[in-house]
Each structure stands twice: as C-alpha cells, then as structure tokens.
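Which chain is which? The protein sequence lines are F and B, in order.
One point on numbering: in this note's numbering, the residue at position 128 of the first sequence is 633, and numbering is uninterrupted.
One point on numbering: in this note's numbering, the residue at position 289 of the second sequence is 794, and numbering is uninterrupted.
In short, the hints are calculated from the structure, not lab data.
Accuracy of the hints is not assured; some may be wrong.
Given that identical chains are not distinguished, each listed pair holds provided it fits within a single copy or across any two copies.
List time: in silico DSBU-like cross-link candidates among lysine-lysine, alpha-carbon distance up to 35 angstroms [unchecked claim]: (1) 734 to 575; (2) 633 to 532; (3) 593 to 633; (4) 574 to 627; (5) 857 to 575; (6) 574 to 633; (7) 627 to 593; (8) 574 to 734; (9) 838 to 734; (10) 817 to 857; (11) 817 to 574; (12) 817 to 575; (13) 574 to 857; (14) 857 to 627.
Protein chains: 2
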Amino acid sequence: MEQPAQPRVVIIGGGFGGLNAATALAKLPLAVTLIDRKNYHNFQPLLYQVATAGLSPGEIAAPIRGVLKKHPNVEVLMGEVVGFDLDKRLVWLRDDGSVPYDYLVLAAGATHSYFGHDEWEKLAPGLKTIEDAIEIRRRVLLAFELAERSVALEHAHDLEPIQFVIVGGGPTGVELAGTLSEVARHAIVRDFRSIMPQQTRIILLEGGPRVLPAYPEDLSRSAEAQLRKLGVDVRTRSVVTSVEPGGVTLADGSQVRSTVTLWAAGVAASALGRALGSPVDRSGHVLVNPDLSIPGHPEVFVIGDLANLADKSGQPLPGLAPVAIQEGRHVAKNVARDLRRQPRRDFVYLDKGTMATIGRAAAIARIGRLHISGFIAWFLWLFVHLMYLVGFRNRLLVLTEWAWSYFTYQRSARLITGSETLPGWSDAREAASTSQPEAANTKAS
Amino acid sequence: MEQPAQPRVVIIGGGFGGLNAATALAKLPLAVTLIDRKNYHNFQPLLYQVATAGLSPGEIAAPIRGVLKKHPNVEVLMGEVVGFDLDKRLVWLRDDGSVPYDYLVLAAGATHSYFGHDEWEKLAPGLKTIEDAIEIRRRVLLAFELAERSVALEHAHDLEPIQFVIVGGGPTGVELAGTLSEVARHAIVRDFRSIMPQQTRIILLEGGPRVLPAYPEDLSRSAEAQLRKLGVDVRTRSVVTSVEPGGVTLADGSQVRSTVTLWAAGVAASALGRALGSPVDRSGHVLVNPDLSIPGHPEVFVIGDLANLADKSGQPLPGLAPVAIQEGRHVAKNVARDLRRQPRRDFVYLDKGTMATIGRAAAIARIGRLHISGFIAWFLWLFVHLMYLVGFRNRLLVLTEWAWSYFTYQRSARLITGSETLPGWSDAREAASTSQPEAANTKAS
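Let's have the full structure, built from the sequences with the hints guiding it.
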C-alpha cells in the first residue's frame, strides 16, 4: 500500500502539537510515523480533575492509535526517543535502533522543574502525567483516610487539621487549590464521622505579587477574590526555598506545615530539546526560526511547549494547547508548500483568548480586550474544553460526569490505588506512637 | 450522637458480603465499623472488562464511604487487619493498635492461588483486584505495541504471532478468553499498520474435561462451542505443571508458547480465615455453623468467599456474589434476633440461578431448571449485572460505555500505565538482539 517514494515524516510526541501535525500531514502524499512513550494522548487541561477525583484517567485520555486510525498513511509507534542524528536524519530509540526521516517534527512538550532540587519531587509531586494525577489523588484522599482512622481509634484527639499546601499560583496551582477546597468543603463532608473535612486548610503559595501572572492585573485580582471565596488561603510574595517532609520553608525563614504538598511552580522543556544540539533558552526550549524549523535544518521542526518563538512584542509564545495546535497545523502547511516547491510562510499565532478555571462556577477569561470573571467565564471554559476534548465518546461521558458532579457535589473517581503511605505524615505518626505506649492509643486499653 | 450503650459490630471487608451486612446492620440500634484495606468497593464480576480495556477502573469501583454515607451509625476505616483476639474481642490493625467489637463479621474474601508456586504470579497475573486488572491490561496492550514496533522497524519479519495463554477454564478464564478474542479480532484491527491483531491466538487451558465445570454439562458444551466460534483455542484435560517466561509446560511434557500468560486457575481464601484460629478447609475457608457463626464464638460470623458452608446436598456453597449478599443480610437478621432475644435462624441460600459471560452476545445461564445460551443469556447477564452494579451513577456510565462499545466494537479504556516491560518478551528480544549486531536490525542500516 505504501509508496516507497513518499517522504517520511517522523513526529515525536502525541500531545496537542504532535496529534494536530499528524492529522494535517496525513492529508499529504507522505508516510507519517508518530512516536510516543505512552500509547495515549493525555488531555492536560483536565488533568487536575483526575488529581482531585472528579474524572477517571480513561475519561481524559484517548489511545493515540484510535485517534489516528482512519489515516492509512499514519503509523503509531510506542517507544522512547533518546537522541538524534541530524546529519544522517535518524531518530534513536531506547533499545530499539533508529527510525529514518525526511522531515522531523519534535513535539515532546515540557515537564515540571524543581529548580535543581529533584529530591523535592517525592515530597511534592507535580501534575504533568496521568501517573502524577493518580499519585496526587492518592495522597489527597489518603490524608483524609488516615486522619479519620487516627481520630476514630483515639490515637490523635489533638490532631492538627489537614493542610494542603500548593506551591505556585499559575493556572495549575489555582485549579488545584480551588478544586481541592470544593472537595473538602462539599464533596466528602458527609463521608466522614470522626473528622470534619470542611476544616481542611488549603494554602496557595505564589512567589510573585499576584496569582495567574500571565493574565491582566484585574483578572488576577478577580481570581484571587474567587479563590478566597472558595476558602483558599492565598499568600502572594511567598517564595518557597525548601520542601521538607511535613512542610515547606519560605524565603523569610518562616515554615508552613503541610499534610500534603503539591508542586505547581516550575516548567522545564523536555530534555529532547537539548538533545537536538540546536540553541536553547535558559529552560531548555529550542529557539526556532519563524517557520518553526531550527537553524541550519529546514527539515527539522520544533513545536508546542518545547519551542521558543517570540510573538510580535518579543515575548515567547505561552505554553498553551492552542499555540501547539496551531503550530502543528502550520508545520503541515509548510511541508505541503515544500512539496509544491513554494516558499514557506512564517507562523503567526492567532490568539483567541485564554481562560483559567478556579472551581465550581469560578473562572476568569480574556477574549481579545474582553475580561470576564465568575460563572460566565466558567461556563465558557467548560464549553471550550468539552469541544476540544479528543474523541466524541469522551466528550459525552465527561459531560455526564460534570453534570452529575455539578448538581450533586459528588466526585466519583475517589479511588486510592497504590500503597498506603504518605510522606511526612508517617514520620509524624511514628514520632507520636513512640512517645506513648501503643496500648494507650486504643479504645481497648 | 453515638450512644455508648450500643453494641459495636466490626465488619472486615467492603465486598458484596461486607457491604450488604453493613447496610442491613445500619438499620439496627448498633454502632457499625467497616474496615477495608482499600477505600473502594470493587465490582468483581466486571473486573475482566477493566483487564480487557472495555471499562475504566472508576466505572466498576465505588468509594465505600460514598455507598454508606447515609447511615450515621456506620463508620468506615481504611486499614489492614492483621489478626484477632477472640477472647478480648479485639481486631488488630497493622501499625495502628486494635478495634474492640461486640460482634465481628469477617468478609475478607479470597485471592488467587498458585498452588504453592507464588513465583508464577509475576509471569502469569491473576484477576482479583483493580491493580491486577490494570496490570493485565498493560501486558495485553503492550504485546500488540511491541509487536507493531518490532515489525515496523524491521527487527522481526519472522515474528511469531502473538499468543495469549489463559490458565483455567472457570468463569474468569472463559470471560478473559472470549473478550480478548473480541479485542484482537474487532476492536483494534484497524489500529495497526504492520501487524494483524486478528492473527492473535488465544488458548484457554483447562485441566478438567470441560470448561465451566460448576455448570450443567450441556451449558459447558455450549460455552465451549461459543468460545470456538469467537476464535478461542479451547484445550481441556490440559493441566499446567509449570509457568516459565514465554510459555507454560503441561502435564504431558508438551510446551505452549505464550506472549502473555494469565492465571485463572486457583482460588485461596484470605489468610485472615486461618488467623481466626477456628477450623478451616483445605483452601483456608472457615467452616461455619448453619447460622454463619464459628464454633464456640456466636459473636463471630464469617461470610462470603471466605466461608465454607454446605448446602442441602453437602456441597460447599459457591464463591458467588449472590451467596455473599444473602449471607451478609442473614447475619444482620440473626443479630437483630439476638437483640430481641429470639433464637437465631440457619442460613438457606436462595439460588436464583447463575450465569457466565463469554463475549459479545455470548453467554450461558442456568435459572432453576432452565438452561439458556447465546444472545438471550448474554442480555440477561447484562441486565442482572447492571442492576447489581453499586451506585446509580456508575450504572448509567457503564451502560453508555457498553452501548457505545457494542455498536462500534470500540474499547475506549486502552491505556498502558506503568513501565514498558513484558516478562518473557524482553528476554526473547534480548536474545534476538545479541544474536545479530544492532545496526542490522534497523531500516537505517
């Protein structure tokens, strides 16, 4: 079926950029190979819903093969790319040789950065993958379970209230803080007998002067007000200098106690950016030409969160799904122009606006010069995210889930999978249990 | 709120038996404590759907707290029971002291047994927990991914077809075999470019003379015929004596090659049965009195898969959800009789029939003397299982999923989470790659 003469495009990454490049390139006389470490596309804007037990992983993820199966000239390979040979035009896979290309589209995205303190990751997980989200869900739910058990078994009448500390006031931090507050104050209140989940404290630590710094100032202020209304303790100008079991330390030397710490502070480009050998910025984003190719290699494109391309004002384009989607499609257009021997065109980002969700009926949105807050912004957010959610089936299911949880305040994906341990907590428990004989801790004594 | 004079019932296990005991006991003037290692009830009859990527874990699991929250006199504790003191009436928790009881209901269920060969578990996972199901799903989907990659990268033109070997022809083995066949022959056929998933061989090994031995002989024959129609290679009188990486050995010395081996052969009662110190049968099931209590301890009941109670014919009652449900409710009735100082009643199992599903529109059912096969049996199975599925919300979602997958042949929960390794396969791959230089394996050479 495949014509041997067709040029081969290899796409690395099945995120928004890679998938959109693949579907657009599929329409051209090309052989397309998409390589990803995972077999599914993860709808990152809704990951926080998995982390807060509102949606199941299967509802925000779609198998990449399923998304691309109607394109016979697109093949999908699950594998881990470890490097490139730009001269020989090869992509190297871990333990599995190489894949040759005529065009390369690198869309490997970004991950969280602990500013050189990778040891903090175990103490304060970030939120980039499905596994991250399941781990955060486990820690959050387990905090309530362990508190309930301790109080019920009379081990800890003086147990300090559960305290969730979220480091970083960007979109992810704001989403997590707002939604966790909703969970503690509404969803699980009637589930417990010995503790009062609504007494949970949620503290959002932002190093700068305002949350959501990428948004206009009035929207930041509105977001902060909406967070406070949801019960979140927002602390700006609070730079975290150290993460420990059971708490964090701020730049002013003060400490914040924490039952569960979540990391939403730093973003670093995928290491594959540096592996290209082309110039990168401070965070590892690859500096690309206006046509999205890299200097000296017109056949190599970098798109999405991994690319650094300045907009008209000289600012790098933000790491948002719409940027990645438009860049993916633009690469396909430029390859089509190459095939027709026409000159390439520069990428121009069409900014339709941005929005951030905060919690139940709480959000902000900027659409051109229009600034919107509250219920209408939240409704817009819901509508846009449902429309973009990959796969019709998921859309229906997620809408059902959301409608259900909106009207009942329930969150149905409250599964704790994995082991029953919580960093920091178990240390505290151990300390408590050594200070008094075990029998004294129980009703039976 | 709680009256100190109320007797305390401690229930161990949030399966069908434990949950039904809890909801029935909740109506009595008692303080009820349900303890489970997990925070969710797992609807075991549909676990095979998670293992075969048809449903997400969240769709067949319900948080125990959510199920019981409307009963103010029921508390739920997440914790691991490690032993009992029947004289002092205490339940011991791992690392967390003890819980006193006036009545104890032990409903800790069963797990799979490898007949003393626990080292086989890594090579051939069984299907009892959500984690098991996710692991099976990972191995099954990964087998296709690794084959596709090998063939696409020209490492393995002579790759032998994927072969799934299922050990054990009881209900779980039959469900897995039939559904995996459906997956390979329909759901994912169009997803791959280099391999043909429909060439996958599915081999069901049963030690005895027929599959589903607990059913009447004509239904066993019908089940076998339906399995063959779905493309399953059914081999009866095939006793597995050893499980190795890449295959199994039978009693006659022959070997069966296997890409992925699944274990559906043995069931063992929870170790908590033996921990009671009361007589148990060969597989560790606790021998109970006709009122479901244990000899010498009328305040201790054992129910569900962990109990051994003979029916009128002298056969032990089967390990089925309806038995556990009825036993859970019966315990509550006997406790109520105790409270009213009336004599207890013996448990009598009301057998409404049993059914086993095989695959798409394929099942068998026995209802009294009526034996049903094929589409009608399958439709009945669907109806009954939807009705019993815990929680209204899940029922709606699962019905949506099923309707979708029935009409489209699609399976949407095809997520590979965890690491990218497959026992046996990687050994074979290593052997192949050492036998020839790596460069020779790739298109680039």
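Hint-by-hint comparison with the structure:
Only between protomers do residue 734 and residue 575 lie at most 35 angstroms apart by alpha-carbon distance; the minimum there is 28 angstroms, versus 47 angstroms within a single protomer. Taking the shortest alpha-carbon separations for residue 633 and residue 532, only the intra-copy value of 31 angstroms comes in at or below 35 angstroms, while the best inter-copy value is 45 angstroms. Taking identical chains as interchangeable, the C-alpha atoms of residue 593 and residue 633 lie at most 35 angstroms apart only when both belong to the same chain, with a minimum of 33 angstroms there against 50 angstroms between chains. Taking the shortest alpha-carbon separations for residue 574 and residue 627, only the inter-copy value of 33 angstroms comes in at or below 35 angstroms, while the best intra-copy value is 38 angstroms.
Taking identical chains as interchangeable, the C-alpha atoms of residue 857 and residue 575 lie at most 35 angstroms apart only when both belong to the same chain, with a minimum of 29 angstroms there against 46 angstroms between chains. For the identical chains of this complex, residue 574 and residue 633 are neighbours both inside a copy (26 angstroms) and across copies (33 angstroms), given an alpha-carbon limit of 35 angstroms. Taking identical chains as interchangeable, the C-alpha atoms of residue 627 and residue 593 are never at most 35 angstroms apart, the minima being 40 angstroms within one chain and 41 angstroms between chains. Taking the shortest alpha-carbon separations for residue 574 and residue 734, only the inter-copy value of 27 angstroms comes in at or below 35 angstroms, while the best intra-copy value is 46 angstroms.
Taking identical chains as interchangeable, the C-alpha atoms of residue 838 and residue 734 are never at most 35 angstroms apart, the minima being 46 angstroms within one chain and 48 angstroms between chains. Only within a single protomer do residue 817 and residue 857 lie at most 35 angstroms apart by alpha-carbon distance; the minimum there is 15 angstroms, versus 73 angstroms between protomers. For the homomeric pair residue 817 and residue 574, neither the shortest alpha-carbon distance inside one copy (38 angstroms) nor that between copies (56 angstroms) is at most 35 angstroms. Proximity of residue 817 to residue 575 under the C-alpha cut-off of 35 angstroms is found in neither arrangement, the shortest distances being 37 angstroms within a copy and 58 angstroms between copies.
Taking the shortest Cα distances, residue 574 and residue 857 sit within 35 angstroms of each other inside one copy (30 angstroms), while across copies they are farther apart (45 angstroms). For a Cα distance limit of 35 angstroms, the shortest separation of residue 857 from residue 627 qualifies neither inside one copy, at 37 angstroms, nor across copies, at 51 angstroms.
Hint compliance for this structure: hints 7, 9, 11, 12, 14 are not met, and every other hint is.
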